[in-house]
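*Asks:* The numbering of the sequence shown is UniProt numbering, which starts it at 1 and goes up by one.
The hints are simulated quantities; they were obtained by calculation from the structure and are not laboratory data. It is possible that part of the hints are untrue.
Distance ranges between label pairs, derived from CB positions [stated by the list, open to error]:
(1) H144 <-> P266: 23 to 29 Å
(2) Q97 <-> L254: 37 to 43 Å
(3) S235 <-> L181: 24 to 30 Å
(4) P169 <-> W256: 36 to 42 Å
(5) S110 <-> G267: 24 to 30 Å
Just so it is clear, the structure is predicted and the values come from calculations on it, not from any experiment. Glycine included, C-beta positions come from ideal geometry on N, C-alpha and C.
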Amino acid sequence: MAAMETPNHQLPTNPNPASFSSLKPSLITLGLGNLPLCSEPVRSFGAHTARAPRTADPQMFPASLPKCLAWSQAEAGCSPERLPVLGNQQYPSYCYQCQSQVPPRSGHCSVCRVCILRRDHHCRLLGRCVGFHNYRHFLCLLLHATGVLLHVSVLLGPALSALLQAHAPLHTAALLLLPWLMLLTGRVSLAQFALAFVMDTCVAGALLCGAGLLFHGTLLLRGQTTWEWARGQHSYDQGARHNLQAALGPRWALIWLWPFLTSPLPGDGITFQTTADVGLMAS
């Protein structure tokens with residue numbers, strides 16, 4: 001059984017219980033805002049937070065809360081990545097934007113406007129959040145993109161070598177650094193500009209994707225999200241092999257070759273084993 005984790009969320013000194021009166025903002029897409037099953041848990045939560053001190057104590061929250069349909073779907077594993085869910089009984093935290101309880105390690109995205117299970121970050125290039133269900137696809141995208149871009153750069157090597165032999169090194173350097181300026185001033189042909197532009201794009205993309213792969217690979221081995229890394233939290237690090245299986249599934253070694261390979265994740269994105277849990281079980 002997972003140990004209770006003390007939440008570090010700060011609550012206002014005198015919150016208004018009326019602000020917690022319903023779940024409509026977070027469940028509006030499901031059409032569940034008027035169901036008593038969904039609204040009662042937050043009313044109960046609001047009654048507790050109205051009397052709570054500034055730092056919330058997990059013992060002050062109800063031991064058991066009814067679960068709405070969104071929470072049940074998340075537990076069953078049939079919910080999409082961007083499903084707003086109610087929170088964990090062991091670690092009740094509150095999202096003021098969604099006005100609902102959320103599980104540990106989840107986070108609210110201001111762009112997607114929902115809470116994401118085990119949220120890592122919002123990728124601007126992909127236009128969506130990277131979280132529990134699609135983290136391995138994101139890692140494979142970085143790996144494959146880095147490999148493809150490096151491969152194209154190597155294939156363009158002979159053409160770049162011929163360009164260096166045909167022109168002075170300073171001319172070639174200016175072409176690679178400022179291809180548009182060289183084209184507009186008429187110093188290079190369109191074919192030379194295309195070569196330099198594709199080469200620049202591939203090299204810059206390979207460096208960017210490679211740096212992202214190195215960064216997220218390090219987080220993967222440590223069992224961290226970007227949010228936890230920024231705050232120096234290591235609560236979920238259980239060793240490199242266990243962290244790989246938790247994020248990529250039991251066939252983690254083959255996932256790198258094909259991210260859509262059947263490799264079910266061992267968790268549900270709602271409850272997580274902490275380092276303290278492993279220490280207690282070992283003792």
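*Asks:* For every hint, state whether the structure bears it out.
*Replies:* Right, here's what the structure says about each hint:
1. At about 24 Å, the beta-carbon gap between H144 and P266 stays in the expected band of 23 to 29 Å.
2. Taking the beta carbon of each, Q97 and L254 are about 38 Å apart, inside 37 to 43 Å as hinted.
3. Hint check: S235 to L181, Cβ distance near 51 Å, so the stated range 24 to 30 Å is violated.
4. The hint said 36 to 42 Å for the Cβ distance between P169 and W256, and at roughly 39 Å that hint holds.
5. Checked against the hint of 24 to 30 Å, the C-beta distance between S110 and G267 comes to roughly 26 Å, which is consistent with it.
Taken one by one, the earlier hints fail for this structure only at number 3.
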